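Residue numbers (the working numbering), protein chains in the order written: chain A, 1 to 312; chain B, 1001 to 1252.
Quick caveat, the hints were computed from the structure, so don't treat them as lab data.
Predicted, not measured: the structure shown is a model, and the values here were computed from it.
Just so you know, not all the hints are guaranteed correct.
Some residues of chain A that are not near chain B, with every Cβ distance over 12 Å (derived) [what the hints assert, rightly or not]:
id, residue
1, D31
2, P46
3, S140
4, K148
5, A152
6, R174
7, V197
8, L198
9, P233
10, D241
11, G275
12, P281
13, E297
Computed spacing ranges between beta-carbons, pair by pair [as the list claims (entries may be wrong)]:
id, chain 1, residue 1, chain 2, residue 2, range
14, A, T33, B, I1066, 33 to 39 Å
15, B, L1169, A, S5, 32 to 38 Å
16, B, I1066, A, E120, 27 to 33 Å
17, A, S140, B, S1241, 37 to 43 Å
C-beta: ideal position from N, C-alpha, C; glycine also.
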Amino acid sequence: MTAPSPSWVAEPTVEVRAVSKWFGQKVAVSDLTCSFGPGVTGLLGPNGAGKTTLLRMLVGLLSPSDGAVTVLGRDPRRSPGVYRSLAMVPEEDAVYGFQTARQFVAYAAALSGAPPAAVERSIAAVALEDAADRPISGFSKGMRQRAKVAAALVNEAPVLVLDEPLNGTDPVQRAHLIAAFRRLGAEGRTVVVSSHVLAEVERMADRVLAIVDGRLAAAGDVAAIRRAMTDIPYRVRLEADDPRRLAAALLESGAVESAAVQGRILTVEAGDLTGLGRSLPPLARSLGVRFTLFEPEDLSLESVFRYLVRGR
Amino acid sequence: MRAFTALLANSLRQLLGGRRVILPALMGLLPAAVMAVLLAGQRTGATAGAGRESFHQAPLTILFFIVLPVVSLSFGTGALGDERRDGTLSFILLRPLPRSLVAGAKLLAAWLATLAVVGTGAALMSVLLGLRYSEWETLGPLVLAVALTSLSYVSAFLALGYLTQRAVLIGLVYAFIWESGMTTAVASLATVSLMRIGLSAYAGLVPSAGTYVDDLLGVVQPGAGGAAAKALVIAAVAVASLTALLRRRDVT
């Protein structure tokens, strides 16, 4: 990869080069090139977009139909030894119901060659100490997720792949896990987290890859993705004491492309957000209109994502 | 070694734990139960020969034609099939373990589980004969025969459980159409019968059994050494094939 691209990081630990995967006639991932490095990267996409297929190729559970995947320079399909440095939390309930959470994590430690002390540390990392000696079969979905995360953390792998790890968790558990993932990213580990819950990705990830229909739709931080979409105007909410007058003046000056008034709220669409931010205060002063809110609506991941999937 | 032991112990717990073991365990006791009924029906003054004859007819036939294939099929296909069905296969495969170690541990677990269930029933069958007629020569050879046949069967069924969700159905067709039907009806096919591997070892170690098991063996020559070698080769081929499958096949 010679040309700089938002889908490629400077020091990649995981590299995906021109990867495609098809199952019979169905193309799940199509000619996808990207990389992952230290920090938390969110993999975003609607259900069926190809996220899980991509993640399973990253960890070697699926082989690419075309292209290549390497983790720390090695092909996980050919070198099981790479799993000393790579761990995954799969989306499915991959737990043994007859085990307690502690036995489950200890089993993961034994299979990974991790020291027994790692078991307690991993259980503590997901705050599962109180339930550690209860059978997993009696766990809620959220608690099973935490047990799976604990099992993935047991060998302190520098690369962690998490497929919808927050599914079924309650808000407290979610906050705890998000904090844990951010901490792991801050420690310099490569954390790849998939989710279709946009707000979660926004809270977790420094960088986002959006996948739609098996293709990479966008990459970068949320604001950068939004900035790159120059053909789509920004929506901005304004609150003013005389919104109609302000709307007319903004339209006349060409600072906005459209305006809609509802009560004291004026919603405008502008191609140049920075320009609008610069021109609005003097214009409002000259009109004698007082505005109390300037809120770009579509810098949220939700709106960015809505744009990406629109028309597909 | 720690990983192998953990994998083996967890697999045994998976196969033998809970209610799923009840049916195989009851099946395992079936030959002994039939033996007990036959012995109860014999007169007080009956000779040891009559006891041997009873032992080598219905109980032995039920053991080798029904119990061993069905229980081996249950544990053989379940060892990896259950992991795949429950989604826990990825939990094992995402560990820094040679695939041959996974295949070996799974084969050993399925074999030990089958041996625990069927071997206990077979041993009990022999013990009943021994207690009634002081005939103990069948005990060791029968357990060995069960061990060799079950090793051959679970070797065949292990990969089947990994490859298809219809493993039990295919295995039953194999056991009852091929093993019990074709290899008995067509004399030359007896040499490739898995069931006869253990039987040939038994016949080789218990000379008095020859007259009773000759019909079951067909053209297969009695002999424990050859039988053990065959079973070990089948197990080695099974581990090698499964290792290759685990390396190449996608885990969906």
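Against the structure, the hints:
1. D31: holds (19 Å)
2. P46: The claim stands: A/P46 keeps its Cβ more than 12 Å from every Cβ of chain B (closest is about 20 Å).
3. S140: holds (18 Å)
4. K148: violated (9 Å)
5. A152: violated (9 Å)
6. R174: holds (22 Å)
7. V197: holds (21 Å)
8. L198: Non-interface label stands for A/L198: nearest chain B Cβ at 26 Å, farther than 12 Å.
9. P233: holds (43 Å)
10. D241: holds (59 Å)
11. G275: holds (51 Å)
12. P281: holds (56 Å)
13. E297: At about 40 Å from chain B, A/E297 clears the 12 Å cut-off, so the statement holds.
14. A/T33 - B/I1066: 33 to 39 Å: violated (57 Å)
15. B/L1169 - A/S5: 32 to 38 Å: violated (51 Å)
16. B/I1066 - A/E120: 27 to 33 Å: Roughly 49 Å apart at Cβ, these two residues miss the hinted range, so it is violated.
17. A/S140 - B/S1241: 37 to 43 Å: This hint holds: roughly 40 Å between Cβ atoms.
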